Amino acid sequence: MTRRYLARRLLQVPPAALVILVGAFLLIHLAPGDPILALAGESGDAAYYAEMRAKFGLDRSLIEQLAVFVGNVVRFDLGDSYVLGRPAALVIAERIPATLLLTGVALALASTVGIAIGLVAAARVHRRTDVAINLVTLALHATPSFWLAQLAILTLGLWAGILPVGGMTTARSSATGVAALLDVAHHLVLPVAVLAATEVAAIARLTRTGLLDELSQDYVRTARAKGLSERRVLVRHALRRALLPVVTVIGGRVGHLLGGTVLVEAVFGWPGVGRLLLSAVQARDTPIVLGVFLVIATTVIVANVVTDLVYARLDPRIRYA
Amino acid sequence: MRRRLIVIGWVIGLVAAACAPTASPSAAPSGGAASPPASTGPTGGGGGTLVVAIGADPGHLNPAITTSGGTHTASELLYNGLVGLDDGLKPVPELAESWDVEGDGALYRFHLRSGVTWHDGTPFTADDVKFTFEEVLLKLHSRTRASVGPNLAGIDVTDPLTVVFRFNQPYAPLLQQLDVTEAPIVAKHIYNGSDPAKNAANTKPVGTGPFAFVSYSPDSEIKLKRNEAYWAAGYPKLDEVVMRIIPETGSQIVALEKGEVDWVWGVPGPDEARLEADPNIELLRTDRNPGGSNCIMTVSFNLDRPILGDLRVRQAVAHAMDRRQFVDKILFGQGRVAEAPISSGIGFAHATGLAMPAYDATRAGSLLDEAGWKAAADGKRAAAGVKGVPDGTPLALEFLHFPSFARYGELLRSQLAEVGIELNLKPLDPPVFAETVFTNRAFDMNIISYCNGPDPEIGVRRMYDSAQIGAVPFSNAAGYRNPDVDALFAEAQRTIDQAKRGELYRQIQERVVADQPYAWVVETSSVRAYRLPCTGFIGYAQFAATASCAP
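Chains as they are written, first to last, in our numbering: chain A, 1 to 321; chain B, 1001 to 1551.
Only chain A is shown next, with the shape it has when bound in the complex (with noise of 0.2 Å):
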């Protein structure tokens, strides 16, 4: 039966992904810019603007444009960058080993810590641990990640000198091997917990609320009349339906995780598809804008669909048809 669903939710990825990415379209070539100047650069002759124009097809109706752009895509091929001059697919795929080291990271660690300090906070309700967590998770919750990041290299990247600021490797090193491995480790630390502040407060909130609902509950009262620990109480009955919600949140942030590392991966020169993003969008790159959307909005599909599954292997009364 669960197969069947998937099955049908994966088929409806690309229609879905098309329409997003059809709409992209209309929004970058209706809004204003020439991506001439990213093509061809300046000072040149209006002979050489038009035969750049030409190469890229940008002379054409935009009618005709998105009927060429549609053609490829379904062929897998999402033309040449304008600024990099290369396949934009091939210049995405190459990023996105790095976004998605930053992003699973940033989200499992913010999975386990939010749900973990939701689960002290729901034990220690309205006491000083409880109030604590409250007010940190509500600081971190709003503050700007772009000031957070610069707040962390200040500190602990420039001032205590105890991790590096940018970059993914040590620019001197030649370390390889397990090395090499704990010095990408070393460099995630300062971009992972940035990324993953915000998520870990939202997670650990709603881990909390979600848990004192439940402990008010009739099954945890008889849980508790049967004699059983209170951590048992916590993590085997309250925590499993608390985190129905939270896994649909969880679910959910993977889009706001794929936003946020724009920023992060900018300030940390994390060499990611966030930033290639950023730089693309400045130039009216399109064929890169498109293809990170295309990316970004599979992704974003894939993790719903991932999310159902998951909640229903919490919750055994769910059944998907």
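Treat the hints as calculated values from the structure; they're not laboratory data.
Watch out, some of these pointers could steer you wrong.
In silico EDC-like pairs for lysine to aspartate or glutamate, Cα to Cα no more than 20 Å straight-line [unchecked claim]:
#1 B:1500 x B:1102
#2 B:1258 x B:1272
#3 B:1130 x B:1100
#4 B:1139 x A:51
#5 B:1223 x A:183
#6 B:1329 x B:1272
#7 B:1500 x B:1484
#8 A:55 x B:1135
#9 A:55 x B:1195
#10 B:1500 x B:1486
#11 B:1329 x B:1410
#12 B:1374 x B:1360
#13 B:1198 x B:1135
#14 B:1380 x B:1391
#15 B:1387 x B:1304
#16 B:1329 x B:1276
#17 B:1258 x B:1248
#18 B:1258 x A:183
#19 B:1380 x B:1444
#20 B:1198 x A:51
#21 B:1198 x A:77
Keep in mind that this is a model prediction, so the values were computed, not measured.
Keeping the supplied structure of chain A fixed, place chain B upon it in accordance with the hints.
Relative to chain A, chain B alone:
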């Protein structure tokens, strides 16, 4: 347990994939010997590793197919021009050891350096020069194509080490257009028979420059190593150059202070004093940048607009500007007041003693009164008898700028408000700005950093030549038309004698100052910073060719 191992394996795989360079010499293009020839002797080397911060991913490393500052910054160390330009913009030998100018300047004969090899060991010859111009630069390098192209009659190879450029008429600026920024020479054996814009060597380049390509990780770093067969005896000294791509200037400065990088291309004004006080850091000032040299922040007036078509209004704006404040408050001293329309960096063409409008708010007010823009009690001005403008129209002008130039707009708005002119600021991203100003001509005023380059023919003529009004980004923004100025530019282009040519540029500057299609605000300079013990840099082009980081 198995599932956990799979997850750990997946994460390790991801880390490995994420930090793997995507281009390396193992996949170098075919066509030459696999390794460079043996070292020419105990020259150079031992200078250690230099880590350079660059602000943008270059996309590729072929400076011959683009004028992009990002690509040129990252790739000029890999290549050479026929000539280099010294601090005074005088041509000095590079791939060409000497040259003769014949036929009153219509023919240039270059004698190439012998024994130069490409990084793959293939000998460099005159065929490479002819091929580079005919198949790459004159097709894809927008500046060289637009300036050299229309004047060139042909390029002849007379022997493997001699190449001749023939022009339709005497052509004066050629030697300033042959450095690694304007005309880097690429290898014929690598690019022949391919589309130069798509050749795989663009990301695994083979040049003749002081450093050879090692690897390129997009958006992360570029590694270069010493060219052991470099033609300049004793150079380069550095063993390795690593370029780290760090987009945020603030992050670059922090990385420099922390010792993660050794060189940054631009120090923001507010950080300069702090870095200057750091005993580990040295500063270097220059007017030259890989993306453009000798730049002047210039306010353009749209001469097609009735209000700004009146010279008195343009002069009033110029008189209302206190340009010293731009140097102090915006550039933090990184520049100087513009004293002429042509940059002081181009010594022979820069005119002195011109009647540039000085700061004089009273004079600005009286000029506006004369033009029919009368001040109300609140100081704001409105039309009263201005030709083509209904009476009562407020003197409000739209001012377009890049977001990065917002502070120029804010300061100008406050200065013009003093004389009753209202300035409405409109920040636009560069592609939107270019379209709005040059294609749609939908603006009153704007500010542009016009880089004059090493010769007026490269970056000055485009601003004033009436043939350059149109949809070409950063050409004649004002829409200025003056047949005398057009004729003087044409004459200057074919005048070989530099003193006579300088006189023609003086006449041009006198005319444009009188017509005031632009207000020339400040000449900007750049401040590089580097960490000791690295030393021996020059501020531009092959900045690290003579540097060393050995203690």
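Status of each hint after checking the structure:
{"no.": "1", "hint": "B:1500 x B:1102", "in the structure": "holds (18 Å)"}
{"no.": "2", "hint": "B:1258 x B:1272", "in the structure": "holds (16 Å)"}
{"no.": "3", "hint": "B:1130 x B:1100", "in the structure": "holds (17 Å)"}
{"no.": "4", "hint": "B:1139 x A:51", "in the structure": "holds (10 Å)"}
{"no.": "5", "hint": "B:1223 x A:183", "in the structure": "holds (18 Å)"}
{"no.": "6", "hint": "B:1329 x B:1272", "in the structure": "holds (14 Å)"}
{"no.": "7", "hint": "B:1500 x B:1484", "in the structure": "holds (17 Å)"}
{"no.": "8", "hint": "A:55 x B:1135", "in the structure": "holds (17 Å)"}
{"no.": "9", "hint": "A:55 x B:1195", "in the structure": "holds (13 Å)"}
{"no.": "10", "hint": "B:1500 x B:1486", "in the structure": "holds (17 Å)"}
{"no.": "11", "hint": "B:1329 x B:1410", "in the structure": "holds (11 Å)"}
{"no.": "12", "hint": "B:1374 x B:1360", "in the structure": "holds (18 Å)"}
{"no.": "13", "hint": "B:1198 x B:1135", "in the structure": "holds (13 Å)"}
{"no.": "14", "hint": "B:1380 x B:1391", "in the structure": "holds (14 Å)"}
{"no.": "15", "hint": "B:1387 x B:1304", "in the structure": "holds (14 Å)"}
{"no.": "16", "hint": "B:1329 x B:1276", "in the structure": "holds (19 Å)"}
{"no.": "17", "hint": "B:1258 x B:1248", "in the structure": "holds (15 Å)"}
{"no.": "18", "hint": "B:1258 x A:183", "in the structure": "holds (17 Å)"}
{"no.": "19", "hint": "B:1380 x B:1444", "in the structure": "holds (18 Å)"}
{"no.": "20", "hint": "B:1198 x A:51", "in the structure": "holds (16 Å)"}
{"no.": "21", "hint": "B:1198 x A:77", "in the structure": "holds (16 Å)"}
Checked against the numbered hints given earlier, this structure breaks none of them.
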